[in-house]
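J.: Below, each chain spelled out in residue letters.
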Amino acid sequence: MSVEQIDLIDKPEELTRLNSWLSSVCDKYQLADTVSYYLELVIEEAVTNIFKYAFDNDKEHLFSIIINLTPDKIVIRIEDNGLPFDPLSHQADKPESLENAKVGGLGIFLIKKFTSDLKYSREEEKNCLTMVLDRT
Amino acid sequence: MNFEYETIEETLLNIKLKGRMDLQGNQAIELEFTSVATSEKLGVIVDMSGVEFLASMGIKTLITITKGQLSRGGEVVLCSIQPLVKEILTTTGISTIIKNFDTCEEAISYLKGKSL
Chain A
0 MSVEQIDLID KPEELTRLNS WLSSVCDKYQ LADTVSYYLE LVIEEAVTNI FKYAFDNDKE
60 HLFSIIINLT PDKIVIRIED NGLPFDPLSH QADKPESLEN AKVGGLGIFL IKKFTSDLKY
120 SREEEKNCLT MVLDRT
Chain B
0 MNFEYETIEE TLLNIKLKGR MDLQGNQAIE LEFTSVATSE KLGVIVDMSG VEFLASMGIK
60 TLITITKGQL SRGGEVVLCS IQPLVKEILT TTGISTIIKN FDTCEEAISY LKGKSL
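In the order they appear, the protein sequences are chains A and B.
Heads up, the first sequence is in numbering that gives the first Met the number 0, so the first residue is 0 and it goes up one at a time.
Heads up, the second sequence is in numbering that gives the first Met the number 0, so the first residue is 0 and it goes up one at a time.
In short, the hints are calculated from the structure, not lab data.
What follows is a set of in silico ranges between Cβ atoms, one per label pair, in the way DEER data are often shown:
# : chain 1 : residue 1 : chain 2 : residue 2 : range
1 : A       : GLU122    : B       : GLN81     : 37 to 45 Å
2 : B       : GLU9      : A       : ASP116    : 50 to 58 Å
3 : A       : PRO83     : B       : GLU8      : 49 to 57 Å
4 : B       : GLU3      : A       : THR15     : 19 to 27 Å
5 : B       : THR90     : A       : GLN29     : 18 to 26 Å
6 : A       : GLN4      : B       : GLU51     : 20 to 28 Å
7 : B       : THR89     : A       : LEU117    : 15 to 23 Å
8 : A       : ASP57     : B       : SER34     : 25 to 33 Å
9 : A       : SER1      : B       : LYS113    : 48 to 56 Å
Note that the Cβ used here is the ideal one computed from N, Cα and C, for glycine as well.
So here's chain B without its partners, still in its complex pose (with noise of 0.2 Å):
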């Protein structure tokens, strides 16, 4: 599991994440991962598409950082999910407590909309 950031549109931080989100993957970046997903900009996108696998230490992972945003005043939203995974994220009701959007386009303009 690896992932790479940039800002976007000046106030939003996108982070596409590539790989298998289990037990080994979540091991590899969590530290840093969740280091800069709750640390840099208020604005968060999540880019899953690269995301081929899903297991609950990935959910953990999404949980916490979307907690960690909450507390400082911004937002997480996940984008591009692939239909396995979405299945996952459905299945335990994470994606209707964490935003997503088919496409990334999509997330972006939510974010902007909310002027965080």
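Isolated chain A (complex conformation) (with noise of 0.2 Å):
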């Protein structure tokens, strides 16, 4: 098993960071194109609802993201100490139009279709939001 981990500021910028980590996490474990998407997806679509609803001040705030790889799975584990949050509770369905086409809940719409096991849980004052990919 292989650990990768990076500890964050909620501020916009953080972002680019991200990505370009998630980008060498890719190229060094040799990810399909489609299992990296899909990791990139749902880390994107969590840390969207952390800068979201996690924090209600303008402090900084950290939050960290920890890959555990295995040939056959990828276990994501994002944790913040901010509001509690269970994003599992807050869902929306597939649009059937576009009158009624909510975009609050797609995030994690995308998360549960992509993801194999989805835990949260909220411990010692953090929140913590376990995803699993699978590699094959």
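Join the two chains, each given in its own frame, into one complex according to the hints.
T.: Right, here's the structure in full:
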């Protein structure tokens, strides 16, 4: 098993650093294009929720992304010390028409679609989201 | 994320997006892109060939401009979508509610036929 970790601050410019780090992880472990896309997507959606909902003041806040890789699976754990927020309790259904298309919750919808396992817990004042992707 | 746009066939607006339609990319262009897409021509083609990554924040903007155009009697169509981006649009059902074409030529033909 291999482990990669990045610690980030919830500032918009950190997203560039996150994307560079993710790109280097995908290259290092020679992940297939589809797996790379799904990995970037589920992390993007989880991080978007942190930026939007986790904190309610203008101070800087830390959050961490830990990726465990085995030959078959990628386990992603994201921890932040923001307000209690269970992203799994917010979900949109697929829009049936343009009129009722809502974007809120689509991020969780995508995370659920592309992960084989998904858990949220609140541990020691931290939100902990664990997502599992299949590598095959 | 950035975009360019030009009038084509006299009545259509062709917008070419380039980059990642994620939280950061969307923040960079959302206001201007939305304004351009919903205030000029009634027929808008969004060339997605340069979009290498699409996430929910990018989908939000596509929905916004499509609804905006619809409210003024216009339409937005997408074209030349990369396969993995297309998968996201299909998975979320967006590909059935925003018209999309394999090529931009087909998109242009469609909108010209609508006489918006």
